[in-house]
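Novice: Residues per chain, in single letters:
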Amino acid sequence: MGATFRDRLGSLIMLAFIVVLWVQRDYTTPFGGIFPDRIMIIMAAFIVMTLILSFTPYRVMKEGDEKQEPETEGKRWLEMTVVIAIMLLWVLLLRYAGFALTGVVGFGSIAWYISGERKNWRMIVKAVALGLVITYLIVFIFGYLLQVPLPQGEIFD
Amino acid sequence: MFEHILLGLHNLFTFQNLLLVIAGTVAGMIVGALPGLTATMAVALLVPFTYTMSAIGGLVTLGAIYMGCIYGGAFSAILINTPGTPSSIGTTFDGYPMARQGRGEEAIIAATVGSCIGGLFGVVCLIFLSPPLADIALKFGPAEYFWVGVFGITIISSLSAGAFLKGITGAAFGILISTIGIAPIGGDVRFTFGMPAMQGGVELIVILIGLFCIPELLNLVTQGESQSERVEYKRARGVLGKTTRHVLSMPGNLIRSSIIGTVVGILPGAGGNIANLVSYNEAKRASKTPEKFGTGIIDGVVATETANNAVVGGGMIPLVTLGIPGAPPDAIIYGVLMLQGLRPGPELFSERADITYTFMLAVGLSAIVMVPVGIYGGRLLSRFVATLSTRYLVPGIAILTMVGSYAIRNNFLDVILMLVFGVIGFGIRRLGFTAPPIVLGLILGPLMETGLVQAYLSGKAYASPWFALFVNPISWVLIAMSLFSFLWPYFGAFRGRLKVNGGSQTSTQ
Numbered sequence: 001m002g003a004t005f006r007d008r009l010g011s012l013i014m015l016a017f018i019v020v021l022w023v024q025r026d027y028t029t030p031f032g033g034i035f036p037d038r039i040m041i042i043m044a045a046f047i048v049m050t051l052i053l054s055f056t057p058y059r060v061m062k063e064g065d066e067k068q069e070p071e072t073e074g075k076r077w078l079e080m081t082v083v084i085a086i087m088l089l090w091v092l093l094l095r096y097a098g099f100a101l102t103g104v105v106g107f108g109s110i111a112w113y114i115s116g117e118r119k120n121w122r123m124i125v126k127a128v129a130l131g132l133v134i135t136y137l138i139v140f141i142f143g144y145l146l147q148v149p150l151p152q153g154e155i156f157d
Numbered sequence: 001m002f003e004h005i006l007l008g009l010h011n012l013f014t015f016q017n018l019l020l021v022i023a024g025t026v027a028g029m030i031v032g033a034l035p036g037l038t039a040t041m042a043v044a045l046l047v048p049f050t051y052t053m054s055a056i057g058g059l060v061t062l063g064a065i066y067m068g069c070i071y072g073g074a075f076s077a078i079l080i081n082t083p084g085t086p087s088s089i090g091t092t093f094d095g096y097p098m099a100r101q102g103r104g105e106e107a108i109i110a111a112t113v114g115s116c117i118g119g120l121f122g123v124v125c126l127i128f129l130s131p132p133l134a135d136i137a138l139k140f141g142p143a144e145y146f147w148v149g150v151f152g153i154t155i156i157s158s159l160s161a162g163a164f165l166k167g168i169t170g171a172a173f174g175i176l177i178s179t180i181g182i183a184p185i186g187g188d189v190r191f192t193f194g195m196p197a198m199q200g201g202v203e204l205i206v207i208l209i210g211l212f213c214i215p216e217l218l219n220l221v222t223q224g225e226s227q228s229e230r231v232e233y234k235r236a237r238g239v240l241g242k243t244t245r246h247v248l249s250m251p252g253n254l255i256r257s258s259i260i261g262t263v264v265g266i267l268p269g270a271g272g273n274i275a276n277l278v279s280y281n282e283a284k285r286a287s288k289t290p291e292k293f294g295t296g297i298i299d300g301v302v303a304t305e306t307a308n309n310a311v312v313g314g315g316m317i318p319l320v321t322l323g324i325p326g327a328p329p330d331a332i333i334y335g336v337l338m339l340q341g342l343r344p345g346p347e348l349f350s351e352r353a354d355i356t357y358t359f360m361l362a363v364g365l366s367a368i369v370m371v372p373v374g375i376y377g378g379r380l381l382s383r384f385v386a387t388l389s390t391r392y393l394v395p396g397i398a399i400l401t402m403v404g405s406y407a408i409r410n411n412f413l414d415v416i417l418m419l420v421f422g423v424i425g426f427g428i429r430r431l432g433f434t435a436p437p438i439v440l441g442l443i444l445g446p447l448m449e450t451g452l453v454q455a456y457l458s459g460k461a462y463a464s465p466w467f468a469l470f471v472n473p474i475s476w477v478l479i480a481m482s483l484f485s486f487l488w489p490y491f492g493a494f495r496g497r498l499k500v501n502g503g504s505q506t507s508t509q
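Residue numbers (our numbering), protein chains in the order written: chain S, 1 to 157; chain X, 1 to 509.
These aren't lab readings, by the way, just hints derived from the structure by calculation.
No residue lacks a Cβ here, since even glycine has one placed at the ideal position from N, Cα and C.
A few of these clues could be false.
Listing some non-contacts, in silico: residues in chain S with all C-beta distances to chain X over 12 angstroms [as the list claims (entries may be wrong)]:
hint, residue
1, Met-49
2, Phe-55
3, Trp-121
4, Ile-155
5, Phe-156
With beta-carbon atoms standing in for the labels, derived distance ranges [to be verified]:
hint, chain 1, residue 1, chain 2, residue 2, range
6, S, Arg-38, X, Lys-460, 54 to 60 angstroms
7, S, Arg-76, X, Gly-102, 57 to 63 angstroms
8, S, Arg-8, X, Thr-52, 44 to 50 angstroms
9, S, Arg-122, X, Gln-223, 20 to 26 angstroms
10, S, Asp-37, X, Ile-479, 17 to 23 angstroms
11, X, Phe-494, S, Arg-76, 38 to 44 angstroms
12, S, Lys-119, X, Thr-244, 48 to 54 angstroms
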């Protein structure tokens, strides 16, 4: 991804964010909008400036000046997307299945999925076993020792 | 002040708090030594352990975790040439060559002594500079608080990895996120997307966990297992005393690096990652043998490790006095202060002085605790870290982020928001935006809004209510500082161009 493309895409996403907030404006007092409205206008001005500069030879900073994340291979993107999907499912099931169950399954699934070429039965057993140990260790530390509430799961209530 | 220090010492030297300092330092060192995990992430991941602790217990633990984490980064920098945290990047330049030459223990001891001295220097500055600064903050009205926020935003934007416009856009993004929920003045319900659960706004810690932990987790997935070559080191008789004397025989390097670390720490958003590199460069410039830097010279290790640990105390100075986090991990500590009902500012040094001084002294104590733990437990720690595989580290981080975001308010929406902000954080990093300006925007947003609206209301007597923002001389000082930090990157770029032009003209002559 080129630096100019990053500037343009980033600017458009930020602009879309402002539009989403702007259409939601529904203030009931004269004070609610004093601050956010001005911030939205200033932010839009900076975004437009970034966009304009991206079309000129005077880009905000030269290529390589800003901190750049390493490029990711296609296979790694897929792995990352699957990990996000597992976490999303984990979060959505948390309310219903509780922390203990989703923790074991979530931990085991991610550990097994990112284990590279070694996706065999032994690996599944190892991942789930470690998930079991870690999850119940966390339940013990947080739930019993520190008294931090963890979701029990509606289906177990 | 001295009675508060004595009270702090009295509170700190209880069995429970001493245990928390040792446990926090060791936990911080372990996470800090894991390559790819930042100090901010370590503090964010370990925050849920403090939720049910008392204010003193929670803060003591977090301060120790932070200090331990910055030091822990040196182990992987020296032994596997991969900085455990970005604060130890400079340590790899000389630390790893030293380890390759069979001087690994010497490098570890130098890093330990330097970290301890830097850490203590930062804490001494924190203890003695914060109360007078907090007294100045007493003179601040709403307009001044607004300008303090503006100054924080402009300075972090000018420091944001060379992309000023993106830095300031990121900060504005953070400010807008902070306006979600009920307005501080007037009580308007804003930007909730029709969800009643959003009326309370977004919980700061939840967003911080998302922004700092999830992108690192995804980076670990994209990078896969690292194939670093680990250098073993053996303990030898006499090295400890000899190296300690050697480190102490370079007071110039120690003092310079400590000052650099503390000053960089005070600058909003700039942390150990900047301090260690600046300090390394300055040590090299001041050295009589600069050509030896990078070949395995002890001065390089001392400079970087002293500076990055001095950042810890330095970064807390604007945090406890004005509520502006000096370094990114301070943002998490700010969130915990708010959770415990402690508002940064002058009252931290008056009504809540017992908690504040215990916390500051605990950070200093953790710098001392690092020495025996690092020297005698360092080998064990580096072996443990080397055996941890990414495939277990990633789900381990995931499970802690879930606990951390849920347990604050027992709210499932917080866990979803954490994940959403995590993915947003990962995406915008790829687009060249960095997390620190967003976080500072999130923290300074409410301060700026309250200041602006209150100043506006108090300015009704003037021809224009906005004049209230400019009537106090302190406001003008803050405006001048904001303008300076706003224009600094452009001035730097202009000077650079002049230099290049001058150089090319000379070469053509």
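Novice: Would Met-49 (chain S) pass as off the interface with chain X, using Cβ distances and a cut of 12 angstroms?
Specialist: violated, 6 angstroms
Novice: If you check the beta carbons of Phe-494 (chain X) and Arg-76 (chain S), does the distance land in 38 to 44 angstroms?
Specialist: holds, 40 angstroms
Novice: Is it the case that Trp-121 (chain S) keeps its Cβ farther than 12 angstroms from each residue Cβ in chain X?
Specialist: Non-interface label on Trp-121 (chain S) holds, nearest chain X Cβ at 16 angstroms vs cutoff 12 angstroms.
Novice: Quick one: are Arg-76 (chain S) and Gly-102 (chain X) within 57 to 63 angstroms, going by C-beta?
Specialist: The hinted range 57 to 63 angstroms is violated for Arg-76 (chain S) and Gly-102 (chain X), with Cβ atoms some 37 angstroms apart.
Novice: Does Ile-155 (chain S) really sit off the interface, with its C-beta more than 12 angstroms from all C-beta atoms of chain X?
Specialist: holds, 15 angstroms
Novice: Measuring from beta carbon to beta carbon, are Arg-122 (chain S) and Gln-223 (chain X) in 20 to 26 angstroms?
Specialist: This hint holds: roughly 25 angstroms between Cβ atoms.
Novice: Check the non-interface label on Phe-156 (chain S): least C-beta distance to chain X beyond 12 angstroms or not.
Specialist: holds, 15 angstroms
Novice: Using the Cβ atoms, figure out if Lys-119 (chain S) sits within 48 to 54 angstroms of Thr-244 (chain X).
Specialist: Distance hint for Lys-119 (chain S), Thr-244 (chain X) holds at roughly 50 angstroms.
Novice: Does the Cβ pair Asp-37 (chain S), Ile-479 (chain X) satisfy 17 to 23 angstroms?
Specialist: At roughly 22 angstroms between Cβ atoms, Ile-479 (chain X) and Asp-37 (chain S) fall inside 17 to 23 angstroms, so the hint holds.
Novice: Could one say that the CB atoms of Arg-8 (chain S) and Thr-52 (chain X) fall in the range 44 to 50 angstroms?
Specialist: holds, 47 angstroms
Novice: Would Phe-55 (chain S) pass as off the interface with chain X, using Cβ distances and a cut of 12 angstroms?
Specialist: holds, 14 angstroms
Novice: Verify the CB-CB distance for Arg-38 (chain S) and Lys-460 (chain X) against the hinted window 54 to 60 angstroms.
Specialist: violated, 18 angstroms
Of the hints listed earlier, those the structure fails to meet are numbers 1, 6, 7, in rising order.
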